[in-house]
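K.L.:
The primary structure of each chain is shown beneath.
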Amino acid sequence: ETGVTQTPRHLVMGMTNKKSLKCEQHLGHNAMYWYKQSAKKPLELMFVYSLEERVENNSVPSRFSPECPNSSHLFLHLHTLQPEDSALYLCASSQGFSGFQPQHFGDGTRLSIL
Amino acid sequence: AQTVTQSQPEMSVQEAETVTLSCTYDTSESDYYLFWYKQPPSRQMILVIRQEAYKQQNATENRFSVNFQKAAKSFSLKISDSQLGDAAMYFCAYRTQNYGGSQGNLIFGKGTKLSVKP
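Chains as they are written, first to last, in my numbering: chain A, 1 to 114; chain B, 1001 to 1118.
Here chain B stands alone, though its shape is the one from the complex:
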């Protein structure tokens, strides 16, 4: 079974600085999808960025980028020019490409709480 590990329960960053949140996963599959979701105090989970495992190029969405190391099974999130609105819980998630009984299943890590200091 696949697992997702976020080893940093809490992180802090100064406004306008850069922070990297780590995520590792365990899988025997070669094709899959990886996601970072953000959950602010409003509680709604919001998709931040996603990566297809077969693509070597790291995904980028404005100030958010990932460092995807497939061999190391690592999928870290880098937030550049941090803003106060970035403060939230960040969840890394894995999704299988296989269609079957577990289709659609997102496997989440425990999350990292990011604080942004003004």
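For reference, chain A alone in the conformation it holds in the complex:
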């Protein structure tokens, strides 16, 4: 069982829909991340949360809205997405920002925009 759980595993939505991706970590970590993984491109960091506060937002469009209600849960709220937003969205967690601490990843949510 992975220490980082993402739901749903697959999501198909229209451009006008509103949906949310959920991430839960069971590792006692205090930092959580959202990444976007598109075909033929490196993983792109989207958001970083430390102790439930956002510490980085890499110029992500406002149609992606993160929420971190506590140190174990992270959401990514989606609305009015575009076809180019179809990708695998990966959540990760780590204990602090000590550079050597590895990030633990979930299985991702495969998002398809119709």
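Heads up, a few of these hints could be off.
Taking lysine to aspartate or glutamate pairs in the EDC-like style, the calculated list, with each CA pair at most 16 angstroms apart, reads [to be verified]: (1) B:Lys1117 with B:Glu1010; (2) B:Lys1110 with A:Glu44; (3) A:Lys41 with B:Glu1010; (4) B:Lys1117 with B:Glu1061; (5) A:Lys40 with B:Glu1029; (6) B:Lys1070 with B:Glu1052; (7) A:Lys22 with A:Glu84; (8) B:Lys1055 with B:Asp1081; (9) B:Lys1113 with B:Asp1086.
The hints are simulated quantities; they were obtained by calculation from the structure and are not laboratory data. None of the values given here were measured: they were computed from a predicted structure.
Based on these hints, arrange chain B on the given structure of chain A.
P.N.:
Coordinates of chain B only, in the frame set by chain A:
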């Protein structure tokens, strides 16, 4: 800005043989961390091995080892006695030691798809 380059989009190895995946990076920093992650079809990114830049000794984890050449900014992964379960995408990643706006940021290469032939 730091960049990570994996020049081999795909590699293939015979079971029980050895394969080396290449990774180069560009940085002006002297202290940083390097990682290799594996992503099997199950999609979960799994840490394979990690290296601290200030350590000259190459990291080793069972059948996995790295050849870290700091001057050349090279960080290749060697897989010995390849197994069918090693088939996956392999990503090289860089992480700064500096604490600041980009703290915690992993910079990934595009990945190398490794196939293992029985």
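K.L.:
All hints are to be evaluated individually against the structure, with a verdict given for each.
P.N.:
So, going through the hints one by one against the coordinates:
1. B:Lys1117 with B:Glu1010: Judged against 16 angstroms, a Cα distance of about 13 angstroms means the pair holds.
2. B:Lys1110 with A:Glu44: holds, 10 angstroms
3. A:Lys41 with B:Glu1010: Holds, at roughly 14 angstroms.
4. B:Lys1117 with B:Glu1061: This hinted pair is violated, its Cα atoms lying about 23 angstroms apart.
5. A:Lys40 with B:Glu1029: violated, 27 angstroms
6. B:Lys1070 with B:Glu1052: Given pair Lys1070 of chain B, Glu1052 of chain B holds - Cα atoms ~10 angstroms apart, limit 16 angstroms.
7. A:Lys22 with A:Glu84: violated, 21 angstroms
8. B:Lys1055 with B:Asp1081: violated, 26 angstroms
9. B:Lys1113 with B:Asp1086: The given pair, whose Cα atoms are some 10 angstroms apart, holds under the 16 angstroms limit.
The structure shown violates the earlier hints numbered 4, 5, 7, 8.
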